[in-house]
Structure formats: structure tokens, C-alpha cells
Amino acid sequence: MSDDLASRLREQGLRLTPQRELILRAVEELRHATPDEVLAHVRAQVSSVNASTVYRTLEVLEELGLVRHTHLSDRAPTYHSTLEHEHVHVVCRRCHAVRSYDPGLVHSLVAALGEDGFSVDVGHLAIFGTCADCSAATASPEPT
Numbered sequence: 000m001s002d003d004l005a006s007r008l009r010e011q012g013l014r015l016t017p018q019r020e021l022i023l024r025a026v027e028e029l030r031h032a033t034p035d036e037v038l039a040h041v042r043a044q045v046s047s048v049n050a051s052t053v054y055r056t057l058e059v060l061e062e063l064g065l066v067r068h069t070h071l072s073d074r075a076p077t078y079h080s081t082l083e084h085e086h087v088h089v090v091c092r093r094c095h096a097v098r099s100y101d102p103g104l105v106h107s108l109v110a111a112l113g114e115d116g117f118s119v120d121v122g123h124l125a126i127f128g129t130c131a132d133c134s135a136a137t138a139s140p141e142p143t
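Residue numbers for the sequence shown, in numbering that gives the first Met the number 0: 0 to 143.
Do not rely on the hints blindly, as some may be mistaken.
Said to hold, decoys possible - The following label-pair restraints were derived from C-beta to C-beta distances: (1) 93 x 3: 35 to 41 Å; (2) 50 x 138: 39 to 45 Å; (3) 131 x 106: 20 to 26 Å; (4) 6 x 85: 21 to 27 Å; (5) 6 x 76: 24 to 30 Å; (6) 47 x 73: 27 to 33 Å; (7) 72 x 107: 23 to 29 Å; (8) 118 x 28: 47 to 53 Å; (9) 133 x 62: 35 to 41 Å; (10) 58 x 138: 40 to 46 Å; (11) 6 x 110: 32 to 38 Å; (12) 104 x 44: 22 to 28 Å; (13) 137 x 108: 23 to 29 Å.
These are computed hints drawn from the structure, not numbers from a lab.
Every residue gets a Cβ at the ideal spot worked out from N, C-alpha and C, and that includes glycine.
Build out the structure end to end from the sequences listed, making use of the hints.
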């Protein structure tokens, strides 16, 4: 990780700082995390890192192709490492659970849009609905 990060940063005229390395590691460890979650994770190790450093670093890491973001809620974007395979995000509106699925799940949609000349960024795709557990809980009658 740090060798790839260091070389990509150097190509852009930037240097590898401990904060950049910590933030990238936090995204990789958390798998799907908002900037605030990344900040909390990093601050558990180094309390002096501030929110603006996290936001700026996430932007740089995304420009370098090391992280990507998607919108899994109506709040802040959620970041994940590009080391993970590309995936579609499925989000439960009730319990907010996030599951990752293979892009083949939406192959027919991607193909249909491709026929119209539209190129889909599958890794940015989030599908919202209700998970099986929440659906079952709603369908079950309340105990008396």
C-alpha cells in the first residue's frame, strides 16, 4: 500500500505523509466509511488529525484512484478502497445495512444503457430498498 501510495503521490508532486497513510489505511480497514468515521478511526491512533485533513486527503486519494466514493445515505459520501473488487451497493432504508454485490447483478441494466451510449460507473451505484430481515420483521405479527 505505502509504496503504491508514495509513487502515485510523487507523480503528482506530492509527498507521503503519516496522515495520508493513516487515512488510506483507515478506509481499507473500515471498508465503507464516511469522512467522519475515517476521522474517528484515525484519531484513535493520532489525536491531532483534524477533519479538514481527512476531507482533503480523501479528495487526493480519490484523484489518485486509490479510493472511490458513493452515496449510501442522504448525508456524507461513503468511501471505499479500490483494492476491493468493483461492486454494487445495496442499502436497507430501515436498518441501514450495506451489502456488496457482484456487478453482474445489474448486467442487463448496464448493457441496455450501453446500447444508448451511456457508460455506467457501477462502483458508484447504490440501490435502496428493504433487506430480508427488515421485511420479515414487518410481515411478522407483533407478539401479544
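Tested hints:
1. At roughly 38 Å, the beta carbons of residue 93 and residue 3 sit within the given window of 35 to 41 Å.
2. About 42 Å separates the C-beta atoms of residue 50 and residue 138, a value consistent with the hinted range of 39 to 45 Å.
3. Checked against the hint of 20 to 26 Å, the C-beta distance between residue 131 and residue 106 comes to roughly 22 Å, which is consistent with it.
4. In this structure the hint that residue 6 and residue 85 lie 21 to 27 Å apart at CB holds, the actual value being about 23 Å.
5. Distance hint check: the CB atoms of residue 6 and residue 76 are about 26 Å apart, consistent with the given range 24 to 30 Å.
6. The hinted window of 27 to 33 Å between residue 47 and residue 73 holds, with their beta carbons roughly 31 Å apart.
7. Distance hint check: the CB atoms of residue 72 and residue 107 are about 27 Å apart, consistent with the given range 23 to 29 Å.
8. Restraint check, residue 118 to residue 28: a C-beta distance of roughly 31 Å breaks the suggested window 47 to 53 Å.
9. A hinted range of 35 to 41 Å holds for the C-beta pair residue 133 and residue 62, which are about 37 Å apart.
10. Checking the proposed 40 to 46 Å range against residue 58 and residue 138 shows it holds: the Cβ atoms sit about 43 Å from each other.
11. In this structure the supplied range 32 to 38 Å holds for residue 6 paired with residue 110, their Cβ-Cβ distance being about 36 Å.
12. As the Cβ distance of residue 104 to residue 44 is approximately 36 Å, the hint placing it in 22 to 28 Å is violated.
13. Take residue 137 and residue 108: their Cβ atoms lie about 27 Å apart, and the range 23 to 29 Å holds.
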